[in-house]
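Visitor: Spelled out, the chains give:
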Amino acid sequence: MMKQLARWGIAAAALVALTAAGCSSPEPADDGPVTLNVWLMKDSAPDAVVSAINAEFQAAHPNVTVKAQILDWDGRDVKWKTALASDNPPDVLEMGNTDVLAYSASGGLADLTGKTFENSDTWLKGLTEAGSYNGKLYGVPYYGGDRVVIYRKDLWQAAGLTAEPTTLAELKDAGAKLMAKGGKDFSGLYFPGRYQYAALSFVYDAGGTIATQSGEKWTAGLSSAQAQQGLTNWADFIKAVSKAPADVDEANLQDVLGQERTAMIIGQAWMVGQIKNKYPKIADQLAAFPMPGTQGTMPVFLGGSNLVSAAGSKHPELAYEWIKMMAGTKYQTQLGQAGLMPNTTSLESAVTGITLIQLKAASRSWFTPTSTQWSNVDNAKVLMDMLQAIASGDKTVAEAAAEADQKINDMLNAAA
Amino acid sequence: MSIVTTPRSVASPPAAQTPAARGPRRRGRGRGLPYLLLLPATLAVFVTLLYPVGSMLGLSFQRANLADLVTRTTTWVGLDNYANVLTDEFFWTVLPRTLAFAAVCVALTLAIGTVCALLLQRASRWARIFLSVSLVVTWATPVIIGAAVFRWLFDTEFGVINYVLTTTGLCECQHHSWLGDPIGAFVVLVAIVVWGAVPFAAMSIYAGLLTVPTELTEAARVDGATGRRIFVSIIFPLLRPIYAILTVLSVIWDTKVFPQVWLTTKGGPYQGTVMLGVYIYNKGINNSQFGVASTVAVLMTIMLVGLSWLYIRTLRGETR
Amino acid sequence: MTARRLTNAACLLIGLAFLFPVYWMASTALKPEADIMRFTPKFVPWPIDWSHFGRVLYDDTFWGALRSSLTVTVAVVAAGTVVALMASVALARFSFRGRTGFILALIVVQMIPGEALFIPYYLMLRDVGLLGQLPGLMLVYLSFTVPFTCWMLRGFVAAIPVELEEAAAVDGASRWQSFWRVLFPLVAPGLLATSIFSFITAWTEFTYAYVLINDPANYPLPVYIQSFIGRNTTDFGPQMAVATLFTLPVVAFFLLVQRRAVAGMSAGAIKG
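Protein chains in written order, with our numbering: chain S, 315 to 730; chain D, 665 to 984; chain G, 36 to 307.
No lab work stands behind these hints, which were simulated from the structure alone.
One or more of the hints may lead you astray.
Incomplete in silico selection of chain G near chain D, CB under 8 angstroms [said to hold, decoys possible]: (1) Thr42; (2) Leu105; (3) Val124; (4) Pro220; (5) Thr268; (6) Leu280.
Where is the CB? At the ideal position from N, CA and C, for every residue including glycine.
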């Protein structure tokens, strides 16, 4: 009854309104003309690769048109949650690997366990972990990303430094030296306080961890002796080599490097590309090495994306085929050549330059706790706030860690 | 903007402002006409909102997390959501914070708006045009852009504010972090909200000023009253309805404030700038607790109704 | 006289203070990429770089977004104004059962926070089949703007002496004529004010547009503006260029209509 009334009212309103785009037509079965909806994220795979895969897919399935849509990172949650609740959700979605878990647990994603994918035994661990829930696979590793130290060779040489550092202590010394040489606002290595993915590596480097799970219960571990040691190492490190503010995150690192306020940053390959465009003066002077830790390279946070399929998708088979193609050797190689880190360690030969260094560093990686409630912790910025408090001196390591632990425990163990 | 309403004769008392004096009549003729006139508005507003608001009300009694939404199951939890929210310590921090923030913003908006309106009235033509165009351009700038620009102006490293403060020697603010602590962040948020809100207030008050009969102010001035006395005793009482509406609207808008906070601080630092709008968004979209988010929305609406009760009662009085 | 000079100076200062962020937005759109994010800010864009505007103006998506925005906004303003005017006349000039309740409902409806209504609105439009299309969005915006417009216009209409219409009726004018010839010109400034409000609301709304429209070809301008925020950085140059282009129509609309309204106003006042 209400619906009837609403229909009339809305029909009347619609008549008054001007025309809009055409209505959506019902989706016929898989052998008639089919539209495969693929939602990819901005700044991910290059357009050329996406066009190539769509062309090949359409050639292999003549009745299918692939409609690829690029989503913005800002506001993706709203878009995904409403889409998954609709009658016609997208068939394939790209999700950031820190996003996948919550959706896996909701029942909104298709279970892809047992399906075959190329290279699945050499997939990057961090990506596979992120895409799995309760032993089932929901998100196929798409591409990865981690961070290495990007530095300026000319300043390095001018300071009399010869070899790339292999231990944290060496890096600290180098940074201090560069900072002393540089002058007033110059950092040896610009390391802002809220740069959580780089800072927490210190915790894992010292043998600590953010949180562990036993059965159903999560226990936060930042107050452990190792974790606190790691945080102290970090606090000492940034004090020695960086003049970056405590309340800033990593949004503008490339500008700091480009405007010559630092000799080093912890960054990713795409930053180098941007610097080369914006600041051609220093473009040729950039090089990179993996971040050294106290025992070998420092474990890196493995970021990246996974490919998922909506549980309500009308074309699950086609969706699986598309994902399989994108995650397969051919296109992963293309991604690697474009500067993204492929989803498997077996494709080292496909990447060069900084991406290669990133891939090598990925052999020692860490990932955020695989709890479906983790996104709450992330959105509440618990870790960033903790780091900022330590970096600004507002709290001691012990205080800040204890406070963060309490929040993490509350959030991870809250009922879903 | 020079809005001129019908000039009021000096003879009519200030109460002429209220519609009650000009009571509606036509009781007998065309009885169906008012309902017919109201029909489109009813459709556009109430019929449209019936489902979403009803649904929101319903969701406030359900669990409604992402799994529920996706699998289309309804899990009733009775008053659990309400109990959760009302016993949540954080909620009781967010609530007073929201009200204090709104109070500050409303006060500043009305004060600055009044100043601007008075200036508009007394300035030379070029100055008046300049100021009104500035206000309109400000009003026309979308909130999302305004917030982005303000955030940038107050940036720790790249911000103009720090630069100007340091170069003019007002303070050693080179790396001053505005958004790094909750107090500084609030200063920035108040600036953004007030900046966006003053134009509408100023224009409305200016429109009202134009309806004040000049004979009244002239007479008072001849009698030796100062500008301030004139404003307080003559102008303000005449403009009371406008101030009343502006206050209610500003309270509603500034309590519901969301995009500015979300785009600038996302509720940080240390969750220190989370206000009700952000709280609802966090619960709903981020944590997928749509039931709880709806509960907070219901509570918030009730609170706003309570806050505006005085105005609503006056309204009922005059339309009876 | 110095009082006048002080007033003018104050106007100038306050105006500049309000304009500065807008100036910053426009000047960023004209700066070369490397000048945008600097430790030492550059206040004047020199050399002027038109490439950001160029990039935007050559982008088909921009024109599509502009078209969508205009469609939705014009429809909402036109329909909303008519609807609200009719309703406000009813509320201010007639006495009938449910009148107070209606006004109260209009006010209360404005207090509901929009963030809680994304999902319910989405579900409703889905069930009625208007999801993903511009008319659905228009309906949502109407439900936002009409309450406020009604409420405001009611005040404007009520403030106009009913005697004027009665006099016209005595002179033999029909109900419609007394509305059109007497009431309408006098309420025009109120219409102007509220239509600007509706315009800005519909023109700048982001989240509902993002959620309720599926096809990127139909996204209105605010969504297009947000698309310049990347995963890691924001592309300020083109974003500010779009923002500048975005703001221009509103200012133009206002400046254009304002003169008309004033002209109509003085005419109406003389007649009254």
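Visitor: So, for every hint listed, does it hold in this structure?
Guide: Now for the hints, and whether the structure bears them out:
no.	hint	result
1	Thr42	holds, 5 angstroms
2	Leu105	violated, 15 angstroms
3	Val124	holds, 6 angstroms
4	Pro220	violated, 11 angstroms
5	Thr268	violated, 12 angstroms
6	Leu280	violated, 11 angstroms
Hints 2, 4, 5 and 6 from the earlier list are contradicted by this structure; the remaining hints agree with it.
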